[in-house]
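Trainee: Next come the chains, spelled out residue by residue.
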Amino acid sequence: MAKVKGAIVINNERCKGCEVCVDVCPESVIAMNKNVNTKGYHYAMVTNENCTGCTNCAVVCPDGVITVYRVKVPTEVV
Amino acid sequence: MAVITREDIIKPENLVYKRTSLLVDCALSYCPGCGHGTAHRMLMEVIEEMGIQSKTIGVAPVGCSVLAYEFLDIDVQQAAHGRAPALATAIKRLMPEKYVFTYQGDGDLAAIGTAETIHACNRGENFVIIFINNGIYGMTGGQMAPTTLPHMRASTCPYGRDTETMGNPLKITELVATLPGTCYVTRQAVHTPGNVRKTKKALRKAFEYSYAKKGVSLVEIVSNCNSGWKMTPVQSNKWMEENMFPYYPLGDIKVPAAE
Chain A
1 MAKVKGAIVI NNERCKGCEV CVDVCPESVI AMNKNVNTKG YHYAMVTNEN
51 CTGCTNCAVV CPDGVITVYR VKVPTEVV
Chain B
1 MAVITREDII KPENLVYKRT SLLVDCALSY CPGCGHGTAH RMLMEVIEEM
51 GIQSKTIGVA PVGCSVLAYE FLDIDVQQAA HGRAPALATA IKRLMPEKYV
101 FTYQGDGDLA AIGTAETIHA CNRGENFVII FINNGIYGMT GGQMAPTTLP
151 HMRASTCPYG RDTETMGNPL KITELVATLP GTCYVTRQAV HTPGNVRKTK
201 KALRKAFEYS YAKKGVSLVE IVSNCNSGWK MTPVQSNKWM EENMFPYYPL
251 GDIKVPAAE
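Read top to bottom, the protein sequences are chains A and B. Going by our numbering, the first residue of the first sequence is number 1, and it counts up by one from there. Going by our numbering, the first residue of the second sequence is number 1, and it counts up by one from there.
Heads up, a few of these hints could be off.
Claimed, not checked - Simulated crosslink set (EDC-like; lysine to aspartate or glutamate; CA at most 20 Å straight-line):
#1 A/K72 - B/E7
#2 B/K98 - B/E45
#3 A/K72 - B/E45
#4 A/K3 - B/D8
#5 B/K254 - B/D162
These aren't lab readings, by the way, just hints derived from the structure by calculation.
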């Protein structure tokens, strides 16, 4: 069975720090940054490599700042 | 096995989701966490998937979404407060080949525009009404709206809405569902991924039914107003689930008879 691996790209300047994406991530990939962007919001950031590319965060983001990528990882035949 | 790095995944051929290009590439003017942004994006995704960008005319209301014409990359006409259904009637009658929708809040649709809404629904005009219900006048500072819940606090009812003197919340979606001119009436939400995807399907059905001359389709989207409710976005979504949904239950209220 092939595994999937995903990655998200967050547009830091457009993020308004509403934190809605943090709760919906099943892999707890997203957290809020201590730093702020030029508008003064604590923006979302990626904290680990567990992303599966499920698109939950991107779908609920009110400002549509998240772009999602996904690849299939072929498992080795032993 | 070679380790797959983040740089290997982030390539154009692996893209699975990005903000639709039908939303103008600018920052939305809404508060952080506001459901308007998600509703706008779902609407534009439906228009993109149906391939009707050049055939769609929207009518923007007065309220927080008054600037919708700045964000939606389609033809949009601005209506006077509450008069969006009247304007949409004129547009659809003059150009019946177009997809026409109105995008209204609860203060616009259920208060000042009640007459226009009910009569447009009763006449069975063939356009879509998208109704964002957050139970408050968000843009003007959180005053009580017709849809404000009993005992819910707002800036003009600081001790909570007293139903003895201020009446009960208006369920306008159920009201218009009883009229013969409506074909598809549904209530959705945009606070969780599942609900967002359901809302998108509902919007697509609404556009299809109304274009097929079945009558008015009304999609109510129960949304949060974290600024008006004086909560954080996450708290307001939870409050909405606990308090708004019992009074405004989600789901289809009326579907066309053919189904």
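Trainee: Could you run down the list of hints and mark each one as holding or not?
Mentor: To see whether the hints hold, each was checked on the structure:
1. About 15 Å separates the Cα atoms of A/K72 and B/E7, which keeps this hinted pair within 20 Å; it holds.
2. Proposed proximity of B/K98 and B/E45 is supported: the alpha carbons are some 18 Å apart, at most 20 Å.
3. For the hint pairing A/K72 with B/E45, the CA-to-CA distance comes to about 25 Å; that exceeds 20 Å, so the pair is violated.
4. Between A/K3 and B/D8 the CA atoms are separated by roughly 15 Å; this keeps the pair inside 20 Å, and the hint holds.
5. Our distance criterion of 20 Å between C-alpha atoms is broken by B/K254 and B/D162, whose separation comes to about 31 Å.
Hints 3, 5 from the earlier list are contradicted by this structure; the remaining hints agree with it.
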